[in-house]
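Participant: Read off the chains here:
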Amino acid sequence: MTRRSKERQRISGTAMIEYQSFLARLYTDDVFRRLNRISPAAAESFFRLNHVETACLRRLDLDEIDAFAGSLAARSREQLRGLLPASVRALGDAAADRACDRFRSLHRSAPGERPIDLLRGFGRFLEESLRADDSQPEWLPELVRCEVALRECGLQGARSPATSHALAAPGDGVFRLADGVRVAAYAFDVLPWLDKPEPPAREPARGVTHALMIPQAGSRHPKVMKLNLLAARLLGSFGHGKSREAVAHALEGVAAAPDLAHAIRSAVQRFAMAGALVAVQ
Amino acid sequence: MAPQTPFPRVGLSHRRELDADIRVHAAQIDVLEVIAEKYFDAGPAELERLDALAERFTLVPHGLTLSVGSAGRVCPRMLESIRQLCERVRAPWYSDHLALSSAPGIDIGHLSPIAYHRTSLRHAAARIHAVQDATGLPFVIENITETHAVPGGTQALPEFLHALVDATGCGLLLDITNLAINCINAGIDPLREALAMPLDAVVQVHLAGGKWRRGRLLDTHSAPVPEPVWQLLAALRPRLRHLQAVVIERDAEYPPFPDLLAEIQRARLALRPARTATPVSPAQAGTEISESSEMCAA
Numbered sequence: 001m002t003r004r005s006k007e008r009q010r011i012s013g014t015a016m017i018e019y020q021s022f023l024a025r026l027y028t029d030d031v032f033r034r035l036n037r038i039s040p041a042a043a044e045s046f047f048r049l050n051h052v053e054t055a056c057l058r059r060l061d062l063d064e065i066d067a068f069a070g071s072l073a074a075r076s077r078e079q080l081r082g083l084l085p086a087s088v089r090a091l092g093d094a095a096a097d098r099a100c101d102r103f104r105s106l107h108r109s110a111p112g113e114r115p116i117d118l119l120r121g122f123g124r125f126l127e128e129s130l131r132a133d134d135s136q137p138e139w140l141p142e143l144v145r146c147e148v149a150l151r152e153c154g155l156q157g158a159r160s161p162a163t164s165h166a167l168a169a170p171g172d173g174v175f176r177l178a179d180g181v182r183v184a185a186y187a188f189d190v191l192p193w194l195d196k197p198e199p200p201a202r203e204p205a206r207g208v209t210h211a212l213m214i215p216q217a218g219s220r221h222p223k224v225m226k227l228n229l230l231a232a233r234l235l236g237s238f239g240h241g242k243s244r245e246a247v248a249h250a251l252e253g254v255a256a257a258p259d260l261a262h263a264i265r266s267a268v269q270r271f272a273m274a275g276a277l278v279a280v281q
Numbered sequence: 001m002a003p004q005t006p007f008p009r010v011g012l013s014h015r016r017e018l019d020a021d022i023r024v025h026a027a028q029i030d031v032l033e034v035i036a037e038k039y040f041d042a043g044p045a046e047l048e049r050l051d052a053l054a055e056r057f058t059l060v061p062h063g064l065t066l067s068v069g070s071a072g073r074v075c076p077r078m079l080e081s082i083r084q085l086c087e088r089v090r091a092p093w094y095s096d097h098l099a100l101s102s103a104p105g106i107d108i109g110h111l112s113p114i115a116y117h118r119t120s121l122r123h124a125a126a127r128i129h130a131v132q133d134a135t136g137l138p139f140v141i142e143n144i145t146e147t148h149a150v151p152g153g154t155q156a157l158p159e160f161l162h163a164l165v166d167a168t169g170c171g172l173l174l175d176i177t178n179l180a181i182n183c184i185n186a187g188i189d190p191l192r193e194a195l196a197m198p199l200d201a202v203v204q205v206h207l208a209g210g211k212w213r214r215g216r217l218l219d220t221h222s223a224p225v226p227e228p229v230w231q232l233l234a235a236l237r238p239r240l241r242h243l244q245a246v247v248i249e250r251d252a253e254y255p256p257f258p259d260l261l262a263e264i265q266r267a268r269l270a271l272r273p274a275r276t277a278t279p280v281s282p283a284q285a286g287t288e289i290s291e292s293s294e295m296c297a298a
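So the protein lines, in turn, are chains A and B. Counting along the first sequence from 1, when you hit position 100 you're at 100 in our numbering, and nothing is skipped either side. Counting along the second sequence from 1, when you hit position 264 you're at 264 in our numbering, and nothing is skipped either side.
Keep in mind that the hints were calculated from the coordinates and are not lab data. From a predicted model like this one, the values you see are computed outputs, not experimental measurements. Certain hints may be false.
[What the hints assert, rightly or not] Footprint (simulated), chain A over chain B, 3 or more residues, beta carbon under 8 Å: (1) 44-51; (2) 72-84; (3) 130-139.
Virtual Cβ for every residue (Gly too), placed ideally from N, Cα, C.
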């Protein structure tokens with residue numbers, strides 16, 4: 001092959017990437033598709049296309065492309081709704097579809113995107129949108145935030161091998177939160193709304209609710225526990241690794257238990273058995 | 001190319017919803033097709049489950065995102081993921097679709113058709129070579145449902161596939177349902193189209209059921225394999241000399257598991273008399289298939 005023919009081939013390949021990028025944009029971007037209908041030249045101006053490729057693009061059946069794009073949008077909606085089913089149920093079908101479509105129009109999925117990244121991105125978008133929307137109940141963004149944590153925890157569990165953690169010994173030692181465990185506070189008691197086939201009859205009660213989520217090895221369904229304030233502070237204190245004594249010291253000003261060290265010892269044992277805490281080796 | 005076998009293996013596409021039943025009825029399933037991308041970034045638990053499947057079944061990894069129709073190089077991380085997966089499950093081959101599923105920075109989210117011409121052939125061949133080099137295994141390419149036409153093609157699909165097989169030595173995963181759907185939507189005789197394919201390169205066959213929506217038949221994998229597809233399989237069988245596996249795909253509206261086992265058994269029966277069957281001419285079978293309305297599952 002001569003240098004000139006190699007060059008021709010290279011240019012042809014490069015141009016085809018632009019042509020395919022145009023098609024991909026056309027399939028996945030509703031606004032771009034409308035622009036292409038109104039002014040093909042304006043849509044084409046974003047890409048380096050040769051006259052043959054431009055001619056091919058002008059011959060596309062745009063009704064067929066709309067139908068294909070519609071099927072992609074439906075798949076995307078289904079995928080996004082499946083990420084946060086409890087939130088979607090609470091939001092209602094029409095509003096959920098609008099939210100999915102708006103997210104999709106802003107968020108261009110990149111090849112190889114991990115499910116957890118899509119979950120976090122969509123969750124953040126939905127939570128922020130609902131928080132700013134006066135017409136939506138205040139508890140709804142809290143439910144979204146809680147469900148994102150639940151699903152993240154589930155993804156972590158599904159990836160974990162079915163090995164048991166070493167139980168906490170009653171003696172001295174340093175403990176930390178087990179991988180993937182989440183301790184968080186919510187402004188409403190949204191826990192009853194998670195993983196129920198139908199939304200509960202009553203709206204979530206206002207009031208700070210502390211939740212503990214523990215990944216279950218090999219399962220997408222984490223263990224969820226409601227905590228009291230002291231238990232939440234206790235678990236929060238361990239972080240990346242602390243001894244019981246250090247935690248007891250940190251909690252002295254908060255808890256007025258007569259035998260704080262003993263109470264902490266049994267709580268640590270309980271949480272370790274539940275898989276929330278692990279002894280640091 | 002894998003050696004010729006008297007009776008191809010018959011099985012299912014593995015789905016989480018079917019997993020428990022598949023394990024219970026393992027003796028009746030010869031082969032499982034697993035979605036490759038599901039395991040590219042898998043954690044230890046998912047890999048443990050995959051290993052357990054590989055102990056009991058022949059596993060065929062099937063990709064969705066190689067985007068064989070894309071211009072440009074395959075991402076090295078993807079090649080490495082494919083290699084690791086194939087090695088892990090001792091895959092006999094690796095398959096993906098003749099489609100465009102991504103462009104730089106954009107995941108289309110599904111398989112989209114390409115135009116068939118010399119440039120797209122060169123790109124597809126380069127990407128197939130990349131996987132063959134990475135895995136050291138045969139690569140098998142699947143025909144997709146053509147949801148819309150992409151102008152600029154100079155070749156028909158069968159001609160393009162012949163050229164691709166010649167250029168790369170790849171095998172063909174003939175999705176009979178996709179082929180039938182394309183033909184029915186385009187008003188073409190499916191058997192005539194099938195007979196023009198490089199049937200000697202067919203290593204694997206997909207069977208599934210589709211549904212009608214807005215005047216078009218779609219490959220939804222949500223219905224039983226329809227009669228016209230069974231008839232096509234029977235008609236083609238004598239020419240599928242290198243067929244190794246037949247996989248029934250079901251992704252939605254799952255039926256009772258015995259129904260899927262019955263489809264597996266039916267496929268086995270359809271494959272057995274191959275050596276004594278008389279090849280059917282397009283004219284004989286085409287009329288029968290094109291007049292059938294059993295494809296209309298909904």
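Participant: Each of the hints needs a verdict: does it hold here or not?
Facilitator: Evaluated hints:
Note: the segment 44-51 of chain B has 5 residues with beta-carbon separation from chain A under 8 Å; the three-residue rule is met and the coverage holds. Look at the segment 72-84 of chain B against chain A: 4 of its residues bring a Cβ nearer than 8 Å to a Cβ of that chain, three or more, so the hint holds. Check result for the segment 130-139 of chain B against chain A: violated, 0 residues qualifying (beta carbon to beta carbon below 8 Å, three or more required).
Hint compliance for this structure: hint 3 alone is broken.
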